[in-house]
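*Asks:* Each chain, written out:
2 protein chains.
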Amino acid sequence: MDLDLIRQLAVPNDTKIVLVVVDGLGGLPHPDTGRSELEAANTPQLDRLAADSDCGLTVPVAAGVTPGSGPGHLALFGYNPLRYTVGRGVLEALGIDFDLQPQDVAARGNFCTLDAEGRISDRRAGRIATEQTVALCEALGRIELPGAHLFVQPVREHRFVLVLRPEGSANGLSDRLADTDPQREGVAPLEPQALAPEAEATAELVRRFVAGSRQVLNGRSPANGLTLRGFASHPRFPSFPETFGLRAAAIAGYPMYRGLAKLVGMAVLPTGSAFEDELATVRERWDDFDFFFVHYKAADTAGEDGDFERKSAALVAFDKAVPSLRELGAGVLIIAGDHSTPAVLAGHSWHPVPFLLSSAWTRGDDVDAFNERVCLRGSLGTFPAAEVMSLAMAHAGRLTKYGA
Amino acid sequence: MDLDLIRQLAVPNDTKIVLVVVDGLGGLPHPDTGRSELEAANTPQLDRLAADSDCGLTVPVAAGVTPGSGPGHLALFGYNPLRYTVGRGVLEALGIDFDLQPQDVAARGNFCTLDAEGRISDRRAGRIATEQTVALCEALGRIELPGAHLFVQPVREHRFVLVLRPEGSANGLSDRLADTDPQREGVAPLEPQALAPEAEATAELVRRFVAGSRQVLNGRSPANGLTLRGFASHPRFPSFPETFGLRAAAIAGYPMYRGLAKLVGMAVLPTGSAFEDELATVRERWDDFDFFFVHYKAADTAGEDGDFERKSAALVAFDKAVPSLRELGAGVLIIAGDHSTPAVLAGHSWHPVPFLLSSAWTRGDDVDAFNERVCLRGSLGTFPAAEVMSLAMAHAGRLTKYGA
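Chains A and B, in that order, are what the protein sequence lines are.
Residue numbering for the first sequence follows this note's numbering, beginning at 1 and increasing consecutively.
Residue numbering for the second sequence follows this note's numbering, beginning at 1 and increasing consecutively.
Errors might be hidden in some of the hints.
[To be verified] In silico DMTMM-like pairs for lysine to aspartate or glutamate, Cα to Cα no more than 25 angstroms straight-line:
#  : chain 1 : residue 1 : chain 2 : residue 2
1  : B       : LYS320    : B       : GLU304
2  : B       : LYS320    : B       : ASP365
3  : B       : LYS262    : B       : ASP99
4  : B       : LYS297    : B       : GLU185
5  : A       : LYS401    : B       : GLU276
6  : B       : LYS297    : B       : GLU276
7  : A       : LYS401    : B       : ASP365
8  : B       : LYS320    : B       : GLU309
9  : A       : LYS401    : B       : ASP179
10 : A       : LYS401    : B       : GLU185
11 : A       : LYS401    : B       : ASP305
12 : A       : LYS320    : B       : ASP307
13 : A       : LYS297    : A       : ASP277
14 : A       : LYS401    : B       : ASP307
15 : A       : LYS401    : B       : ASP14
Don't read these hints as lab results, they were simulated from the structure.
None of the values given here were measured: they were computed from a predicted structure.
Using the sequences and the accompanying hints, generate a full structural model.
*Replies:* This is how it looks when you write it as structure tokens:
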């Protein structure tokens, strides 16, 4: 859906929209039973809600394309994920709740092991313990750069995030920088290089950081070197609240999803990490917002672990929260997923994701259960996830007529 | 569908195509019965035709987008309604059967009431009777403008259409003009302003018209002022007959639909306003054309009025005409809608619209009734209305192979 068209057609009213994203919702049949995680789960509440809703399946990005969390969520927020992209450095920063600013440039960093000739002998420095990375990052963070603040933040094991922020009236930074990570062993890390003339000053800052890091890391073991990749600026996306005319709140227990919501301008509400906490937050702030993005994580985690039973159990647990969701009394209630995470694949997949939308203006369809197979019969068919928000707006009565 | 591709592939033959547009065809379930207007209507002829056809649902513009009559029809004529747009002034002129010429600029006008300080106190001048508007338009039409003809045509109540047409060899006009309607009361109408340098001369003509109107309206009550909005030129669309290689006729009892057909270059045939009259016109002119657009209005009117029973009755009445439609013996017979007009919404809506196409080359599907729910099982699925004409052309054997 074209965001300019949405902006042109959006009209205000009092209707509330609740978008629940069940992370990794879709699955695949278990080879022994032929039933998917959703089919194996006993989900009477979801099935009843599906019977009262318009159902279908969403395609997160495009046929056959497996999305990461970024594209999966951006699509559900109405942003064409092939057009609105988030660089790896930015996603890493969001994933650790780093308060990224619009002028920042971020990169993903790895500690690595260098041999006597300075060639990489282990790209992950033996996956050093997170505490070691914390200490190294603290030391690296003391490197001084002219005209820029430096942030070096630990992630987990050998992984960290580098963020450069221009100081005061210093010139803006550019993310048009090549990776220093050669993506293989037996060669030295690459020198920081600008990919465009306007990035030369930023490349020089990164060179100084790398030079400084040699002094810090020299003689250590096994982490005596580092590589950087995925340099990325904070993207400049159209504002979700302005585009849709919605006071929008994000309620998510995990940093990555809070960060994605913040990128598009949603208010990120403090909340606990349990889904019950998230729902309590929605209830407390019900009057302050028109739109609530609520994130449910457990299904994805189990799917990523390849744990079919645990993923089914996570869906059963979600099912028990459905009555509380309905009791909110939203004008439009949507249950969607950012992508499929079939336990049999132990990772994200490209498969379309079950979807339901409940409002006063649904047509209904022949769907009486919420799973991959039955949603195929839904009135919404199999459709792009980036259309979810225009449907939500329409059902909320918040889109005026196009053309006379 | 890309019109250039159609033009490239179109080949002539003797097959006739009949496109029947049932205005506002789609609906929503009645809350008491759970059945839509089509489901509640007894339509044995349509159901039988659906069983012999390929069925599906059309999306007029895009997911969640509620179309006006313009985009709804243009899509069915094969024109991407997000690319081919018709300005409000032009639609208003078409709606009163004004014979708009390609060089004209049209605007929607409102009579309003101004207070002693010249501020708008009533944007609709108390919705004055149409006869008063007729008399005022006659007086305003006598204002003389240098180098341009002026047409001031009444619509209904306080509404009128202003059309400017360049005289003889005068320079072309531009529609890049700001509204003079401030869209609120308590402020004066805005001065006519050009939005681009090439519109300055046209803005000056409008200023002279507004100045002249002050003399005409001064001292009257309640209509002592006017506002203008939606300045629009006659759009320059690719010709339907040339693009599709079809001698195309429009048979519609209402001016708006005749006007839309004329915009794309169809021949508009004189006809009565009853559907029987329209069908008689098709029969009379059968040999003169390859393509007939036939418009059925009653379903939309009832839907707009929120009258579920009357909309169902209008569909039953349409059903009785289906045998006459089949007896025409068209190679391709299509029953489509420009948009849904659910009685429960008392207006147009975004919901996909039932669709059927009958020809010798259909595959058939699991559809034995013509309504929203059963058409979901149709072989055409849910698809953009702008693809209807390429399907029609294909089933008429009028599209040659693409590529060797």
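*Asks:* If a hint holds in the structure, say so; if it does not, say that too.
*Replies:* Against the structure, the hints come out as follows:
1. Restraint check for LYS320/B and GLU304/B: the C-alpha separation of about 22 angstroms stays at or below 25 angstroms, so the hint holds.
2. A C-alpha spacing of about 24 angstroms is found between LYS320/B and ASP365/B, which places the hinted pair at or below 25 angstroms, so the restraint holds.
3. Distance hint between LYS262/B and ASP99/B is fulfilled; the C-alpha atoms sit about 9 angstroms from each other, no more than 25 angstroms.
4. With a CA separation close to 35 angstroms, the supplied pair LYS297/B and GLU185/B exceeds the 25 angstroms bound.
5. About 31 angstroms separates the Cα atoms of LYS401/A and GLU276/B, which puts this hinted pair outside 25 angstroms; it is violated.
6. As the CA atoms of LYS297/B and GLU276/B are separated by approximately 12 angstroms, the hinted pair is consistent with the 25 angstroms bound.
7. Restraint check: the Cα-Cα separation between LYS401/A and ASP365/B comes to about 33 angstroms, which exceeds 25 angstroms; the hinted pair is violated.
8. Taking the CA atoms of LYS320/B and GLU309/B, the gap is about 17 angstroms. The hint holds against a cut of 25 angstroms.
9. Taking the CA atoms of LYS401/A and ASP179/B, the gap is near 19 angstroms; set against the 25 angstroms cutoff, the hint holds.
10. Proximity of LYS401/A to GLU185/B is assessed by CA-CA distance (about 23 angstroms); at most 25 angstroms being required, the pair is judged to hold.
11. Under the criterion of a C-alpha separation no larger than 25 angstroms, the hint pairing LYS401/A with ASP305/B is consistent with the structure, at around 17 angstroms.
12. Only pairs whose Cα atoms come within 25 angstroms are accepted, and LYS320/A paired with ASP307/B is rejected, the gap being roughly 40 angstroms.
13. A C-alpha spacing of about 13 angstroms is found between LYS297/A and ASP277/A, which places the hinted pair at or below 25 angstroms, so the restraint holds.
14. Taking the CA atoms of LYS401/A and ASP307/B, the gap is about 20 angstroms. The hint holds against a cut of 25 angstroms.
15. Note on LYS401/A and ASP14/B: the hinted pairing is violated, with a Cα-Cα distance of about 39 angstroms set against a maximum of 25 angstroms.
In this structure, the hints that do not hold are numbers 4, 5, 7, 12 and 15, in rising order.
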